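Heads up: the protein sequence lines correspond to chains A and B, in order. Heads up: the first sequence begins at 0 in numbering that gives the first Met the number 0, then just goes up one per residue. Heads up: the second sequence begins at 0 in numbering that gives the first Met the number 0, then just goes up one per residue.
Don't read these hints as lab results, they were simulated from the structure. Just so it is clear, the structure is predicted and the values come from calculations on it, not from any experiment. The beta carbon of each residue, even a glycine, is placed where N, CA and C say it ideally should be. Be aware that a few hints might be false.
To be verified - Covered stretches of chain A, going by a simulated chain B footprint (3 or more residues, C-beta under 8 Å):
{"#": "1", "stretch": "44–53"}
{"#": "2", "stretch": "72–78"}
{"#": "3", "stretch": "121–130"}
{"#": "4", "stretch": "543–554"}
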Amino acid sequence: MNAYDWQQMLLLFAALLLLVKPLGAYMAKVYQGETTFAAPLLRPCENLLYMLGRINKADDMDWKQYAGALLLFNLVCCAALMAMLLTQHLLPLNPQQLPAFPWQLALNTAVSFVTNTNWQNYGGESTASYFTQTAGMTVHNFVSAATGMTVAIALIRGFVRRKTALLGNFWVDLVRTVLYILLPISCVAALFLASQGVIQNFAAYKTAAPLQAGGLAMQIPMGPVASQEAIKELGTNGGGFFNANSAHPFENPTPLTNFAEIFLILLIPASLTYTFGVMAGNTRQGWGLFIAMLLLLTAAFAVLQWAESSGNPAISGLGVQSGNMEGKEVRFGLVGSNLFAVVTTATSCGAVNAMHDSLTPLGGLATLSLILTGEVVFGGVGSGLYTMLAFAVIAVFVSGLMIGRTPEYLGKKIEVREIWMSILTVLTAGVVVLVFSGAALLVPSAVTSMSNPGAHGLSEVLYAFASMANNNGSAFAGLNGNIPFYNLLGAAAMLIGRYVPVVAVLAMAGSLAEKKYIPPSLGTLPTDRAPFVLWLILVIVVVGALTFFPALAMGPIAEHLLMTGGK
Amino acid sequence: MNNVKSAVLLFLGLTLLLGGAYPAAMTVAANLLFPQKAQGSLVVAPDGKVIGSLLLGQSFTEPRFFWPRPSATAGFGYNPLASGGSNFGPTHPELLRQTEERVRQWRLTGATGEIPADLVYASASGLDPHISPAAALLQVERVARARNMNAEKVHALVLSLTEGRQAGLFGEPRVNVLALNLALEQLAP
Numbered sequence: 000m001n002a003y004d005w006q007q008m009l010l011l012f013a014a015l016l017l018l019v020k021p022l023g024a025y026m027a028k029v030y031q032g033e034t035t036f037a038a039p040l041l042r043p044c045e046n047l048l049y050m051l052g053r054i055n056k057a058d059d060m061d062w063k064q065y066a067g068a069l070l071l072f073n074l075v076c077c078a079a080l081m082a083m084l085l086t087q088h089l090l091p092l093n094p095q096q097l098p099a100f101p102w103q104l105a106l107n108t109a110v111s112f113v114t115n116t117n118w119q120n121y122g123g124e125s126t127a128s129y130f131t132q133t134a135g136m137t138v139h140n141f142v143s144a145a146t147g148m149t150v151a152i153a154l155i156r157g158f159v160r161r162k163t164a165l166l167g168n169f170w171v172d173l174v175r176t177v178l179y180i181l182l183p184i185s186c187v188a189a190l191f192l193a194s195q196g197v198i199q200n201f202a203a204y205k206t207a208a209p210l211q212a213g214g215l216a217m218q219i220p221m222g223p224v225a226s227q228e229a230i231k232e233l234g235t236n237g238g239g240f241f242n243a244n245s246a247h248p249f250e251n252p253t254p255l256t257n258f259a260e261i262f263l264i265l266l267i268p269a270s271l272t273y274t275f276g277v278m279a280g281n282t283r284q285g286w287g288l289f290i291a292m293l294l295l296l297t298a299a300f301a302v303l304q305w306a307e308s309s310g311n312p313a314i315s316g317l318g319v320q321s322g323n324m325e326g327k328e329v330r331f332g333l334v335g336s337n338l339f340a341v342v343t344t345a346t347s348c349g350a351v352n353a354m355h356d357s358l359t360p361l362g363g364l365a366t367l368s369l370i371l372t373g374e375v376v377f378g379g380v381g382s383g384l385y386t387m388l389a390f391a392v393i394a395v396f397v398s399g400l401m402i403g404r405t406p407e408y409l410g411k412k413i414e415v416r417e418i419w420m421s422i423l424t425v426l427t428a429g430v431v432v433l434v435f436s437g438a439a440l441l442v443p444s445a446v447t448s449m450s451n452p453g454a455h456g457l458s459e460v461l462y463a464f465a466s467m468a469n470n471n472g473s474a475f476a477g478l479n480g481n482i483p484f485y486n487l488l489g490a491a492a493m494l495i496g497r498y499v500p501v502v503a504v505l506a507m508a509g510s511l512a513e514k515k516y517i518p519p520s521l522g523t524l525p526t527d528r529a530p531f532v533l534w535l536i537l538v539i540v541v542v543g544a545l546t547f548f549p550a551l552a553m554g555p556i557a558e559h560l561l562m563t564g565g566k
Numbered sequence: 000m001n002n003v004k005s006a007v008l009l010f011l012g013l014t015l016l017l018g019g020a021y022p023a024a025m026t027v028a029a030n031l032l033f034p035q036k037a038q039g040s041l042v043v044a045p046d047g048k049v050i051g052s053l054l055l056g057q058s059f060t061e062p063r064f065f066w067p068r069p070s071a072t073a074g075f076g077y078n079p080l081a082s083g084g085s086n087f088g089p090t091h092p093e094l095l096r097q098t099e100e101r102v103r104q105w106r107l108t109g110a111t112g113e114i115p116a117d118l119v120y121a122s123a124s125g126l127d128p129h130i131s132p133a134a135a136l137l138q139v140e141r142v143a144r145a146r147n148m149n150a151e152k153v154h155a156l157v158l159s160l161t162e163g164r165q166a167g168l169f170g171e172p173r174v175n176v177l178a179l180n181l182a183l184e185q186l187a188p
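From just these sequences and the hints, can you work out the full model?
Okay, structure coming up:
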């Protein structure tokens with residue numbers, strides 16, 4: 000890595016560090032029901048939504064009620080989106096007269112947006128009407144992100160509250176997340192993006208006659224892009240308005256929008272670690288998690304940047320400048336593409352500004368590995384924090400076994416139930432990835448969907464299920480996912496990968512909340528010090544490596560050896 | 000049952016707010032503040048016909064124009080309805096075949112030395128409006144000859160249209176191919 004690469008990374012980290020504390024503290028206030036500066040403007044809107052939904056905001060829920068309300072709400076979302084996609088041709092704001100989604104694609108897409116995955120087996124500009132994009136996709140970008148955040152907050156309350164079954168009110172947490180956190184930041188971000196050239200209109204596609212006489216007439220797609228782009232990044236959703244996602248100049252026109260989009264993806268997941276620290280009464284606990292995440296991100300970026308700069312020896316050998324520019328845009332260059340790639344896979348965002356299928360084998364390995372950690376390197380909004388906390392519980396437990404101390408985390412004794420639920424949270428996606436990828440190799444149509452031959456084809460399938468099961472949504476996009484096998488099995492992977500951990504985390508939160516607080520003693524492992532941070536990183540890496548090494552060896556690692564061997 | 004009612008009604012309320020009011024407000028605000036950009040940064044000829052968007056690349060093949068990057072969009076290159084990359088992995092035989100062919104073509108136009116990477120590799124969107132300054136300079140001789148222009152003049156035009164890093168910090172130096180070709184047409188129609 001050269002000086003400019005480091006400078007870009009450090010700029011990003013500096014911008015992040017500047018905002019983690021104020022935003023994290025603000026979010027803690029929002030979730031603790033305190034009055035914030037935004038209240039005079041938003042309180043009436045909040046109360047209106049409670050009135051509309053017949054919600055009594057004083058109702059406190061135990062974990063089963065909380066999980067029940069969450070699952071029910073998500074079911075309503077999924078049904079509504081699927082109905083909208085199936086009737087798209089009958090709905091307004093469809094100047095291109097795009098037809099309805101076929102049912103399997105509609106199911107996959109609905110599940111995908113509701114689970115915050117935003118895997119897309121379709122290209123937006125040729126498939127989705129403006130009504131679908133705004134009343135459908137944009138809405139689910141908000142509420143699926145908010146759903147993830149409510150679960151993280153319920154888990155934090157589980158650690159903080161004592162001898163109670165109650166975790167808060169799901170409806171209130173949901174509404175407050177949307178109104179006080181996601182919506183204001185999205186408004187600012189959308190206008191900033193529009194100022195740089197991201198389009199925002201409801202016009203019909205424009206016909207253009209190109210400058211070179213005799214060229215084919217072009218249809219230039221239009222649409223309300225900026226409003227969706229903002230929440231797409233902020234809510235770590237990642238579903239592109241256009242097929243090329245954030246590589247499309249209408250979604251990401253300048254280097255500055257690129258930096259802003261990367262920053263928006265990281266903003267909430269990073270700040271939530273501080274929210275966690277504030278609510279847990281010790282901000283060092285939050286910084287510890289933040290540092291663990293930052294170190295893992297830096298390591299992945301270094302590998303990716305090195306691999307992409309080294310490039311493809313077979314092509315450099317033809318007398319071409321080195322550095323792999325296949326599937327990358329000139330305005331972002333290598334470093335702007337690579338930073339985006341690690342951030343979008345570290346968080347469960349899945350927006351892309353470069354085509355991951357065309358990354359070098361070790362570059363692809365870096366992004367795939369970040370997804371396969373279970374999305375804990377900042378991770379999805381909310382989901383990153385709750386999965387990381389499950390890893391912390393496991394790390395405390397394992398170290399407790401090794402040194403013969405009772406495992407405790409944040410003053411709560413870690414017992415059988417917590418361990419079970421943490422393991423479910425951490426390993427569910429991994430099992431889905433391996434079993435479903437294995438199944439794909441036995442199905443002829445799934446194999447012929449690969450666009451690349453050999454080891455890289457296996458990487459495409461592995462990446463697809465890793466992405467869906469971990470609710471990331473980015474792809475090695477050469478794989479043709481729009482066949483019944485991937486539409487249906489993919490929907491199953493996204494559902495299992497989202498809701499099994501969600502319910503497990505809420506169950507753990509319920510059991511933690513009922514425990515009494517144990518003050519730290521000499522026998523307590525301090526979890527806000529450097530040794531624990533390093534230990535946590537080690538646990539994450541070891542769990543990931545033990546689960547996935549054989550699969551990765553047959554995919555990206557084999558391809559790297561072929562490429563450097565000149566095969 | 001109460002929960003079902005809450006879920007449905009709250010969802011409807013949120014849809015009105017997030018799927019209706021929010022995009023509508025952003026559309027109004029963006030079109031008031033940045034009308035040209037909100038509508039796609041379109042380039043319109045004097046006769047009112049749309050030539051394209053400054054943000055989207057388009058195909059140029061004649062020697063008198065600067066050429067853009069290879070585009071892998073479906074149907075034809077620079078098809079704005081099918082944005083996307085080749086999705087070829089680094090060991091895909093087709094990637095090697097296509098890049099070899101592109102290198103051969105550039106050599107035929109007289110390119111010597113190392114060929115800039117962006118001229119050989121297809122972009123991510125298939126609509127990349129830019130090429131690197133090196134890629135533009137490589138084409139100055141050819142364009143000048145095809146237009147009977149002084150190469151120095153074309154060279155100066157490329158330099159004047161080269162954008163540096165944004166705010167001196169972000170991104171890579173680049174040249175917008177459509178803007179460059181439009182300027183050329185003005186200079187020597």
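### Message
Check the structure against each numbered hint from earlier and tell me which ones fail, lowest number first.
### Response
4
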